[in-house]
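Number of protein chains: 2
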Amino acid sequence: MSQEFASHLLEDAVSQLSRLPGIGRKTALRLALHILRADGSVGERLGQSIIDMRKGVRYCRCCHNISETEICPICADPRRDARTICVVETVKDVMSFENTGQYAGRYHVLGGVIAPMEGIGPDQLEITSLVERVAAGDIDEVILALSATMDGETTNYYLYRRLAPYPEVKITQLARGVSVGNEIEYTDEITLGRSLLNRTLFADSIKR
Amino acid sequence: MSQEFASHLLEDAVSQLSRLPGIGRKTALRLALHILRADGSVGERLGQSIIDMRKGVRYCRCCHNISETEICPICADPRRDARTICVVETVKDVMSFENTGQYAGRYHVLGGVIAPMEGIGPDQLEITSLVERVAAGDIDEVILALSATMDGETTNYYLYRRLAPYPEVKITQLARGVSVGNEIEYTDEITLGRSLLNRTLFADSIKR
Numbered sequence: 001m002s003q004e005f006a007s008h009l010l011e012d013a014v015s016q017l018s019r020l021p022g023i024g025r026k027t028a029l030r031l032a033l034h035i036l037r038a039d040g041s042v043g044e045r046l047g048q049s050i051i052d053m054r055k056g057v058r059y060c061r062c063c064h065n066i067s068e069t070e071i072c073p074i075c076a077d078p079r080r081d082a083r084t085i086c087v088v089e090t091v092k093d094v095m096s097f098e099n100t101g102q103y104a105g106r107y108h109v110l111g112g113v114i115a116p117m118e119g120i121g122p123d124q125l126e127i128t129s130l131v132e133r134v135a136a137g138d139i140d141e142v143i144l145a146l147s148a149t150m151d152g153e154t155t156n157y158y159l160y161r162r163l164a165p166y167p168e169v170k171i172t173q174l175a176r177g178v179s180v181g182n183e184i185e186y187t188d189e190i191t192l193g194r195s196l197l198n199r200t201l202f203a204d205s206i207k208r
Numbered sequence: 001m002s003q004e005f006a007s008h009l010l011e012d013a014v015s016q017l018s019r020l021p022g023i024g025r026k027t028a029l030r031l032a033l034h035i036l037r038a039d040g041s042v043g044e045r046l047g048q049s050i051i052d053m054r055k056g057v058r059y060c061r062c063c064h065n066i067s068e069t070e071i072c073p074i075c076a077d078p079r080r081d082a083r084t085i086c087v088v089e090t091v092k093d094v095m096s097f098e099n100t101g102q103y104a105g106r107y108h109v110l111g112g113v114i115a116p117m118e119g120i121g122p123d124q125l126e127i128t129s130l131v132e133r134v135a136a137g138d139i140d141e142v143i144l145a146l147s148a149t150m151d152g153e154t155t156n157y158y159l160y161r162r163l164a165p166y167p168e169v170k171i172t173q174l175a176r177g178v179s180v181g182n183e184i185e186y187t188d189e190i191t192l193g194r195s196l197l198n199r200t201l202f203a204d205s206i207k208r
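Which chain is which? The protein sequence lines are A and B, in order.
Its first residue numbered 1, the first sequence is counted upward by one per residue in the numbering used here.
Its first residue numbered 1, the second sequence is counted upward by one per residue in the numbering used here.
These aren't lab readings, by the way, just hints derived from the structure by calculation.
Hints may be right or wrong, so weigh each one.
Which copy is meant is left open, because identical chains are indistinguishable; a pair holds if it fits in one copy or across any two.
[Unchecked claim] In silico DSSO-like links for lysine-lysine, alpha-carbon gap of 30 Å or less:
(1) Lys170 / Lys26
(2) Lys92 / Lys26
(3) Lys55 / Lys170
(4) Lys170 / Lys92
(5) Lys92 / Lys55
(6) Lys55 / Lys26
Same shape as in the complex, but just chain A (with noise of 0.2 Å):
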């Protein structure tokens, strides 16, 4: 799309949209123009959001998730279970996990996982920083709760091997079963055969 754009700022404001992942050039061009029909603060509200964010927004020392200040609210929680990991891959991942308000201990994001096809080693995942602080003693548990995928399971079974030293720390995964809502006629095979081996008492699930 070779446009002639009446407006430099308007080709500079689509340019920068257009790199937005999932944005292309005539989506990015939409959204521009809409800024620009739409409110005088509605523009001004956005682009400052966006500049305010990328300034104040850091990633917690600790756990790095993200966070406005050096240890975030979750590790700074004295409340939370400071004994328990659970080790995710991504941000988005932590959110996931507090809104089923299931899980009352820290975090520690890896950033990813083991993918050496995408020419993603150990060393760009924040898995130092884990060992770390299971090396540094007080944690009962860590549990890897990483896709169930064949990156995230090589993955588990690497962070499994890097955390072997410690073997008074227990090592868990997240259950493997059929997705609530699916129906057995959908549910693949090597799935099926885990919820089977990992059933469990019908009676714990009326409890819940």
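With chain A fixed as given, assemble chain B onto it according to the hints.
Relative to the frame of chain A, chain B by itself:
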């Protein structure tokens, strides 16, 4: 999605982004996290370009196209034919016609079409200013280049009536016919009928 954001700056950016058309909260969160992960200058440049655009871009006093100056570059260009006005719905349509490279006249951006179902009447559009341009004289032709939809045709007819007091001005509309690249089999019958009525000399298509 009730999310416990670790940062109100992130929360704020997400809610501003999700006000854009076609961007829900999930997409907004994905964009915001991308900006956070990206190189520091990305967010700054994106935010600033939006603010600058909103502040710097205004509408041409004559044709209502976007412009950084009181009169847009097209209206100000002495090489363009000031006696022909192409009436379009939006700023985007101006870009589309400019991209054809086939038009050397000026434009008039209505801002939409008359759409009673959406509560858009003639007063919400730049119709009076068009009539004033024509009334001021020195106009040979007004090309109605609105969508070939019911609302577009209604607006065409309304404009035709409003411009009736100036019989010296030729009112034309875009040719209706088979879209280039389209098969006859998939072209609707009304279009086929119009394309038959308004058939052109084959020799003309070879010359182009």
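**Prompt:** Is it within, between, both, or neither for Lys170 and Lys92, if the alpha carbons may be no more than 30 Å apart?
**Reply:** within (25 Å within a copy, 60 Å between copies)
ask   = Between copies, within a copy, both or neither: which fits Lys92 and Lys55 at Cα up to 30 Å?
value = Classified as within; 19 Å inside a copy, 34 Å across copies.
_Lys170 and Lys26: within-copy, between-copy, both or neither at 30 Å Cα_ = Answer is neither; intra-copy 51 Å and inter-copy 34 Å both fail.
Margin query: Reference check for the pair Lys55 and Lys26, CA-CA at most 30 Å: within, between, both, or neither?
Written below: both (29 Å within a copy, 22 Å between copies)
| field | Same-copy or cross-copy closeness of Lys92 to Lys26 [CA-CA at most 30 Å] | value | both (28 Å within a copy, 10 Å between copies)
- Message: Regarding Lys55 and Lys170, is the shortest C-alpha distance of 30 Å or less found within a copy, between copies, in both, or in neither?
- Response: neither (38 Å within a copy, 57 Å between copies)
Hints 1 and 3 from the list above are not met by this structure, while the remaining hints are.
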